[in-house]
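A.B. asks: Protein sequence lines, in the order shown, are assigned to chains P and A. Counting in my numbering, the first sequence runs from 45 upward without gaps. Counting in my numbering, the second sequence runs from 45 upward without gaps.
Some hints could be false.
The list makes no distinction among identical chains, and a pair is therefore deemed to hold if it is satisfied within one copy or across any two copies.
[As the list claims (entries may be wrong)] Heads up, simulated DSBU-like pairs for lysine-lysine below, C-alpha to C-alpha not over 30 Å straight-line:
| id | residue 1 | residue 2 |
| --- | --- | --- |
| 1 | K127 | K169 |
| 2 | K281 | K89 |
| 3 | K74 | K248 |
| 4 | K326 | K127 |
| 5 | K66 | K223 |
| 6 | K281 | K248 |
Keep in mind that the hints were calculated from the coordinates and are not lab data.
Number of protein chains: 2
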Amino acid sequence: MKYYGGIDLGGTKIYSIVIDEKGNVLSRAKIKTGGKKDFKEVLNKIFDCFNEAVEKSSVNLNDILSIGMAVPSAVDITRGLLKHAPNLDWENVEIAKYFIEKYQKPFYLDNDVNMGTFGEYCFSKVINYQSIYGIFVGTGIGGGYIVNGEIVHGKNFTAGEFGHMIIELGGQKCNCGNKGCLEAIAGKVGIIHYLKRQVDKKGKSTELDNISPDWRTTIGSSALKKAYNRKDKLVTKAIHRSANAIGIAAANLVNVIGVEAMILGGGVIEELGDVYLPIIRKTMAECSIADGAAGVEVVPSHLGDDAVALGAAWFTSLEEKQSYLLK
Amino acid sequence: MKYYGGIDLGGTKIYSIVIDEKGNVLSRAKIKTGGKKDFKEVLNKIFDCFNEAVEKSSVNLNDILSIGMAVPSAVDITRGLLKHAPNLDWENVEIAKYFIEKYQKPFYLDNDVNMGTFGEYCFSKVINYQSIYGIFVGTGIGGGYIVNGEIVHGKNFTAGEFGHMIIELGGQKCNCGNKGCLEAIAGKVGIIHYLKRQVDKKGKSTELDNISPDWRTTIGSSALKKAYNRKDKLVTKAIHRSANAIGIAAANLVNVIGVEAMILGGGVIEELGDVYLPIIRKTMAECSIADGAAGVEVVPSHLGDDAVALGAAWFTSLEEKQSYLLK
Numbered sequence: 045m046k047y048y049g050g051i052d053l054g055g056t057k058i059y060s061i062v063i064d065e066k067g068n069v070l071s072r073a074k075i076k077t078g079g080k081k082d083f084k085e086v087l088n089k090i091f092d093c094f095n096e097a098v099e100k101s102s103v104n105l106n107d108i109l110s111i112g113m114a115v116p117s118a119v120d121i122t123r124g125l126l127k128h129a130p131n132l133d134w135e136n137v138e139i140a141k142y143f144i145e146k147y148q149k150p151f152y153l154d155n156d157v158n159m160g161t162f163g164e165y166c167f168s169k170v171i172n173y174q175s176i177y178g179i180f181v182g183t184g185i186g187g188g189y190i191v192n193g194e195i196v197h198g199k200n201f202t203a204g205e206f207g208h209m210i211i212e213l214g215g216q217k218c219n220c221g222n223k224g225c226l227e228a229i230a231g232k233v234g235i236i237h238y239l240k241r242q243v244d245k246k247g248k249s250t251e252l253d254n255i256s257p258d259w260r261t262t263i264g265s266s267a268l269k270k271a272y273n274r275k276d277k278l279v280t281k282a283i284h285r286s287a288n289a290i291g292i293a294a295a296n297l298v299n300v301i302g303v304e305a306m307i308l309g310g311g312v313i314e315e316l317g318d319v320y321l322p323i324i325r326k327t328m329a330e331c332s333i334a335d336g337a338a339g340v341e342v343v344p345s346h347l348g349d350d351a352v353a354l355g356a357a358w359f360t361s362l363e364e365k366q367s368y369l370l371k
Numbered sequence: 045m046k047y048y049g050g051i052d053l054g055g056t057k058i059y060s061i062v063i064d065e066k067g068n069v070l071s072r073a074k075i076k077t078g079g080k081k082d083f084k085e086v087l088n089k090i091f092d093c094f095n096e097a098v099e100k101s102s103v104n105l106n107d108i109l110s111i112g113m114a115v116p117s118a119v120d121i122t123r124g125l126l127k128h129a130p131n132l133d134w135e136n137v138e139i140a141k142y143f144i145e146k147y148q149k150p151f152y153l154d155n156d157v158n159m160g161t162f163g164e165y166c167f168s169k170v171i172n173y174q175s176i177y178g179i180f181v182g183t184g185i186g187g188g189y190i191v192n193g194e195i196v197h198g199k200n201f202t203a204g205e206f207g208h209m210i211i212e213l214g215g216q217k218c219n220c221g222n223k224g225c226l227e228a229i230a231g232k233v234g235i236i237h238y239l240k241r242q243v244d245k246k247g248k249s250t251e252l253d254n255i256s257p258d259w260r261t262t263i264g265s266s267a268l269k270k271a272y273n274r275k276d277k278l279v280t281k282a283i284h285r286s287a288n289a290i291g292i293a294a295a296n297l298v299n300v301i302g303v304e305a306m307i308l309g310g311g312v313i314e315e316l317g318d319v320y321l322p323i324i325r326k327t328m329a330e331c332s333i334a335d336g337a338a339g340v341e342v343v344p345s346h347l348g349d350d351a352v353a354l355g356a357a358w359f360t361s362l363e364e365k366q367s368y369l370l371k
């Protein structure tokens, strides 16, 4: 049996796994970074977290053939270079160098949503489709584009920025500086903004005041679900509005690049997929030209927290991806 | 020397060429269909037009190895089936069958904008790019997507519908039935609509009343250019608005699929490319995430009227495309 390591570096936590050659997850380890951003400090925590996963797996470190890692940043995959991670305040960090020095194993670094999409794709029923797009809805909206089994990185390693598709000229300002990005309308950041506007300017009310009093600054997907299940009118409207916008952006994908399948994931979809997916499918069909969405699959993700780290570890295990690994 | 035929079927005219194996256009023939839509009648005109091109080329029909044809419709390329051409009122016509019966030569049928993009791509400086998008701006806006030299057709042969990317939620109604499509804002149809609104509702005036009195129903790209050159304020604003919208849609391409190059063509660009391209480049750069548009080429088309028929003929000449030809 062969073994592989996967690491998912987030803005506030590190998640590591060890898998076997069949993709079984043998162990998981999780460490909070407590918002620490000093690179060397966090790097040591990453090593600790990965070592903990190895220990838990009972696999000898020597038997782990390669390590894949995902970061919340555009990545120059040819150099294992994190380009710019606003959540961590890091810029141009050659992460691969440190890992190869420490573990002396082939290493691969990519963007977290790319790796999550790859993981979901590899262990999903849409693996035989030529062209698929992963869409992950949380506070923001991320994406990943896979063609013929290859992750499409784009000219400057920024492909997959699905959340920054502009769908409303002159619309709501987005954190990226542009206006009318999908994320600013349909991500949790957009949902919160819509709710605030309705409450503050139109005098509407919402159960969120009870369910999640801090909803104006941050809101859990489970709180949204709770309010939706209680038939909170405002939250229901906000959710439908968000799903509809994602459906329009999905139709844009169909019209412009003709994807065959989409994988929907992220916290919001995990909680509210039953609400989102039917709306997304319907809007996508309505807004696609010449019945272009007929037979286009929209499937929910199913790997949960493992997706990103599993995608990264699994990527390094595949024979056809060996040329991407850095040594 | 080997020879190939190419046919570009439009809504009102047929354009045929004969090329040699180097892509030189040896002859051209053009026949107006006079808006006739009866299939058999038009089919005979297509044969006439192609025969005329062959005659003019002085190449013996027997020496023409294959024929490529482009139509204003989604095409099932595996069957040579025109799916739905609103301009011609045709639906589900197996054009390949008639051509193969008539000429007994390998035949290929594809969408006109796909073939135009392919032609421009094959004879352009961006031929070595992995991922390119063709954008053609006329009355409407069409597109073509090429990855690794392959035309991307999408799940239902509708990929490339760039003009129907929705960029303005709840915006101007488009001929396709949706709202806020790029075409409805930035195509000539969108420009006319904008001008009418400004003149009728805001009392603005335009030189177009003199240059092109029919501008409310139809407008030539050259008339737009003339008004622009005369510094007509309203037309200038309409052109800049159109170019800006295309720039935003181009940024969406960069963000979502990371294209490396775009080829801009069509009547509007042929006349006003010097105005459009700088605005498109600037807006695309501003609205792309993490400097994603850096180094992304935006080049003008240069094959003019030949592009579509040349793309179709050239496609059939390539060794790596022989498996697509129908016999």
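A.B. asks: Check the structure against each numbered hint from earlier and tell me which ones fail, lowest number first.
C.D. replies: Of the numbered hints given earlier, those the structure breaks are 2, 3, 5, listed in rising order.
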